[in-house]
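Asker: Fit chain B to the known structure of chain A by using the hints.
For the record, the sequence lines run as chains A and B. Heads up: the first sequence runs through residues -7 to 202, numbered per the working numbering. Heads up: the second sequence runs through residues 833 to 1059, numbered per the working numbering.
By construction, these hints were calculated from the structure, which means they are not laboratory data. Just so you know, even glycine gets a beta-carbon here, dropped at the ideal spot from N, CA and C. Please note that a few of the clues may not be correct.
[Unchecked claim] Stretches of chain A that chain B covers, calculated by requiring three or more beta carbons in the stretch to come under 8 angstroms of a beta carbon on chain B:
1. 112 to 121
2. 144 to 158
3. 186 to 195
[Stated by the list, open to error] The list that follows gives simulated cross-link-like pairs (lysine to any residue, SDA-like), each with its CA atoms no further than 25 angstroms apart:
4. Lys922/B / Glu124/A
5. Lys84/A / Leu46/A
6. Lys1020/B / Pro180/A
7. Lys66/A / Ala87/A
8. Lys922/B / Gly76/A
9. Lys57/A / Ala87/A
10. Lys1031/B / Pro188/A
11. Lys130/A / Ile894/B
12. Lys1031/B / Ile852/B
13. Lys868/B / Phe196/A
14. Lys902/B / Gly198/A
15. Lys66/A / Thr45/A
16. Lys868/B / His70/A
17. Lys976/B / Ile894/B
18. Lys1031/B / Phe196/A
19. Lys1020/B / Tyr1049/B
20. Lys922/B / Asn194/A
21. Lys942/B / Ile960/B
22. Lys156/A / Pro182/A
23. Lys902/B / Gly76/A
[What the hints assert, rightly or not] Partial selection, computed: residues in chain B whose CB lies under 7 angstroms from chain A:
24. Pro869
25. Leu870
26. Ser886
27. Gly888
28. Val896
29. Leu900
30. Ala941
31. Phe1011
32. Ala1017
33. Val1019
34. Tyr1039
35. Ala1043
36. Leu1058
37. Met1059
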Amino acid sequence: MSHRLPLCRVDRETHKAWLCQRLICEYNLCIKKMGEIEDSENRRMVFVTVGTTLFDALVRAVDTKEFKQELFRKGYTHLLIQMGRGFYTPTKSEAEDGSVAVDYFTFSSSIADHLRSASLVISHAGSGSIFETLRLGKPLIVVVNEDLMDNHQSELAEELAERKHLYCARPRTLHRTIADMDLASLLPYPAGDATPVAKLINRFLGFPDD
Amino acid sequence: MEINDENLFSISIVIIIGLIFISIVRVIYVIYQTGKPLHSKSQKPMSTLIVLGSGGHTAEMINVLSALQKDRFMPRVYVAAATDNMSLQKASVLEDSLVDMNGGKVVSAKFMQIYRSREVGQSYITSIGTTLIAIAHALWLMIKIRPQVILCNGPGTCVPLCVIAFLFKVVGIRWSSVFYVESIARVKRLSLSGLLLYKLKIADQFYVQWAQLQRKYPRAHYVGSLM
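Bound conformation, chain A alone (with noise of 0.2 angstroms):
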């Protein structure tokens, strides 16, 4: 019995010890992620994707200087660039006054996340990206790769503009797609319904109509 007192006060330092730095812990933690929310307040990026493609003339076409000055004068501020299985590797540069800040990678298992992340997106012309990006609602600019074969591709992209979805442009004209756009005449696309092909299956097969 005689021993347990002072093992106890111990105990009582550390722990006061203990409580006092994760204290002092929490409060820088909370500093730093006020200091993210402000930075993520004023960033707006911009997300290139070309998916599993090899598209070097969109990756080229959006590290030329005209088209960083036309984003940076629309207000975005971060330019990140998923160039697949490219050659041409884009430059890398910090935000300065007056310039994007550019980052790139090939691939990456989180597109979702960039593209929650994004404030406008620039896609090759696949479905899949293409309807990933508008079911997310987010603005986008499809590049259609002019050097396919078969470019049965444009078409959807072309119909999906003519419906005012998301905007459609070459690698030659994006930036001038950039300086034209006007983000708030592009209308929500509304979400696909399997439910007329089931029904047609059923009743193709006798199946009675629920």
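Answerer: Frame of chain A, contents of chain B only:
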């Protein structure tokens, strides 16, 4: 002996002509019956083959499946190209979610891979050999599965399977219903696989996702967008 031989010859000619005639009549009958709704108001579930394309095609097919009553379309067999790992993975995620919904009851679903007749960039000479292998493999799979319902939406992988399904109808091995959904990416023209299945009347029902396509191909059904 000579007369006998002649008789034998003419009899065999008659038999061959007869067989050809019968098979032509049968083919015409099958083409005529294709696209006609099934009359049996049966409530029995139907074995279903689901051909997964890749990327966007698979995403569209998964949407179709989530709208279908799973207790009517079973057992289900999924087929994807051997080079396409993602599609079967997505299908098994869907099937797993069904297991969870049924409270852990195992749903009968199978996953199979099929050889593609031609990979992107493969030369045409070697693709003759690979096409033959692909057809033999497709035939083997179809003999094993013998589905009553085939759901497909391109690209090329589904064509040999659908052609074999047509031959099964002609021979009388299995009467199946083929449903083809053209991809949303096709706005003005059908894809090559779509065009084949439409023109040869192999698909019982043909769905398109754009109204202007339906006007161009009147036998198609316009179903709005799946995505």
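Asker: Would the hint linking Lys902/B and Gly76/A be met if the CA-CA limit is 25 angstroms?
Answerer: Roughly 37 angstroms separates the two Cα atoms, so the pair is violated.
Asker: Is the Cα-Cα distance between Lys84/A and Leu46/A 25 angstroms or less?
Answerer: Distance ~20 angstroms between Lys84/A and Leu46/A Cα, so the pair holds.
Asker: With the threshold set at 25 angstroms, check whether the alpha-carbon distance from Lys922/B to Gly76/A stays at or below it.
Answerer: holds (22 angstroms)
Asker: Establish whether the coverage given for the region 186 to 195 of chain A by chain B is satisfied; the threshold is a Cβ-Cβ distance below 8 angstroms, and no fewer than three residues must meet it.
Answerer: Three-residue rule met by the region 186 to 195 of chain A, so holds; n is 9.
Asker: Decide if the proposed pair is consistent with the structure: Lys868/B and His70/A, CA atoms, cutoff 25 angstroms inclusive.
Answerer: Violated: Lys868/B and His70/A sit about 57 angstroms apart, past 25 angstroms.
Asker: Quickly compare the C-alpha distance for Lys1020/B and Pro180/A to 25 angstroms and report which way the hint goes.
Answerer: holds (23 angstroms)
Asker: Are 3 or more residues of the region 144 to 158 of chain A near chain B, judged by a Cβ distance of less than 8 angstroms?
Answerer: Check passed, 6 qualifying residues.
Asker: Hey, Lys66/A versus Thr45/A, does the alpha-carbon distance stay inside 25 angstroms?
Answerer: Outside the cut-off at roughly 28 angstroms; violated.
Asker: Holds or violated: Lys922/B and Asn194/A, Cα atoms, limit 25 angstroms.
Answerer: holds (24 angstroms)
Asker: Hey, does the Pro869/B contact hint survive, CB to chain A under 7 angstroms?
Answerer: The hint holds - Pro869/B has a Cβ within 7 angstroms of chain A, the shortest such distance being about 5 angstroms.
Asker: Taking 7 angstroms as the limit, does the beta-carbon of Phe1011/B come near enough to a beta-carbon in chain A?
Answerer: holds (6 angstroms)
Asker: Report holds or violated for the interface hint on Leu900/B, using the least CB-CB distance to chain A and a cut-off of 7 angstroms.
Answerer: holds (5 angstroms)
Checked against the numbered hints above, the structure violates hints 15, 16, 21, 23, 26, 30, 35; every other hint is satisfied.
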